[in-house]
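K.L.:
Residues per chain are reported as follows:
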Amino acid sequence: DTGVSQDPRHKITKRGQNVTFRCDPISEHNRLYWYRQTLGQGPEFLTYFQNEAQLEKSRLLSDRFSAERPKGSFSTLEIQRTEQGDSAMYLCASSGRDRGHTEAFFGQGTRLTVV
Amino acid sequence: GIQVEQSPPDLILQEGANSTLRCNFSDSVNNLQWFHQNPWGQLINLFYIPSGTKQNGRLSATTVATERYSLLYISSSQTTDSGVYFCAVFLNAGNNRKLIWGLGTSLAVNP
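So the sequence lines, in the order shown, correspond to chains V and E. In the numbering used here, each number is its position in the first sequence, counted from 1, plus 150. In the numbering used here, each number is its position in the second sequence, counted from 1, plus 21.
These are calculated hints, taken from the structure and not from any lab test. Just so it is clear, CB atoms sit at the ideal spot from N, CA and C, and this is done for glycine as well. Please note that a few of the clues may not be correct.
If you anchor each label on the Cβ, the simulated ranges turn out as follows [claimed, not checked]:
1. V:Ser208 to E:Pro30: 22 to 32 Å
2. E:Val85 to V:Glu228: 19 to 29 Å
3. V:Gly222 to E:Asn51: 34 to 44 Å
4. E:Ala129 to V:Thr170: 45 to 55 Å
5. V:Thr170 to E:Ser49: 30 to 40 Å
6. E:Gly115 to V:Gln191: 21 to 31 Å
A few chain V residues that face chain E, going by a derived Cβ cut-off under 10 Å, partial list only [as the list claims (entries may be wrong)]:
7. Arg181
8. Tyr183
9. Gly192
10. Phe195
11. Leu205
12. Phe215
13. Gly235
14. Ser237
15. Leu241
16. Gly246
17. Arg247
18. Glu253
19. Gly259
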């Protein structure tokens, strides 16, 4: 079990560019979550998948954000036309059937800086 | 919605000291987790503790679900304990499934 893996670890982009992040969950976990964290705050929920189905999206997820999990394994989070306010740590988590899917395990995060 | 409050917001300790961090939550929950966020930003699972008491080395946690609070104890603190400690509760209602987070306790352990 290699844990939840996120790529890249850091991303610096110019305002207006598109960025895509990848998350590989723990292999037997069928639920996958994306959170965003800004400095001094706790993580904020963005969206979650059960297998390939995206079951909930936060109002934080504007039209510029899209997430996919096409085969129910890895997931991607894309931000189009990035803005400086998108600068944050993007965290991915997964959970499995153990403990009724209520225990989440997190990846290392992707730190996005929009300049 | 559920509110999660952590105290204290900041804590400075001398190496070797003990401390207690508190997490209050406003409603019944299915689960409570304690995490340590290291200086590189990774969230490390400390405890899954919807109720009762657990211990792991120098750390222990107690959740009293009926009174809606949880405590994290750190004994004989070390500089590597520095970072932010988060409490998060799991909301599980219909298709609404997510962790609700406190603002964290920022701990600095000085040598």
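K.L.:
Is the shortest C-beta separation between Leu241 (chain V) and chain E less than 10 Å?
P.N.:
7 Å, holds
K.L.:
Holds or violated: 45 to 55 Å for the Cβ distance of Ala129 (chain E) and Thr170 (chain V)?
P.N.:
Violated, since Ala129 (chain E) and Thr170 (chain V) (Cβ atoms, about 36 Å apart) do not stay within the stated range.
K.L.:
So does Thr170 (chain V) sit 30 to 40 Å from Ser49 (chain E), Cβ to Cβ?
P.N.:
Hint holds: Cβ distance 39 Å, inside 30 to 40 Å.
K.L.:
Does the interface hint hold: is Phe195 (chain V) within less than 10 Å of chain E, judged Cβ to Cβ?
P.N.:
With Cβ-Cβ at 4 Å, under 10 Å, it holds.
K.L.:
Would you check whether Glu253 (chain V) satisfies its interface hint, that is, whether its CB is within less than 10 Å of any CB in chain E?
P.N.:
5 Å, holds
K.L.:
Given Arg181 (chain V) as an interface hint, is its Cβ closer than 10 Å to any Cβ of chain E?
P.N.:
Check passed: Cβ of Arg181 (chain V) comes within 8 Å of chain E, closer than 10 Å.
K.L.:
Can you verify the interface hint for Gly192 (chain V): is its Cβ closer than 10 Å to any Cβ in chain E?
P.N.:
3 Å, holds
K.L.:
Should the interface hint for Ser237 (chain V) be scored as holding, given a Cβ-Cβ cut-off of 10 Å against chain E?
P.N.:
13 Å, violated
K.L.:
Could you check if Gly246 (chain V) really has its C-beta closer than 10 Å to a C-beta on chain E?
P.N.:
12 Å, violated
K.L.:
Can the suggested window of 19 to 29 Å be confirmed for the beta-carbon pair Val85 (chain E) and Glu228 (chain V)?
P.N.:
Violated, at about 43 Å.
K.L.:
Take the shortest C-beta to C-beta distance between Arg247 (chain V) and chain E; is it under 10 Å?
P.N.:
13 Å, violated
K.L.:
Quick one, is the Phe215 (chain V) hint okay against chain E at 10 Å, beta carbons?
P.N.:
With a minimum Cβ separation of about 16 Å from chain E (threshold 10 Å), the hint on Phe215 (chain V) is violated.
Going through the hint list in order, the structure does not satisfy hints 2, 3, 4, 12, 13, 14, 16 and 17.
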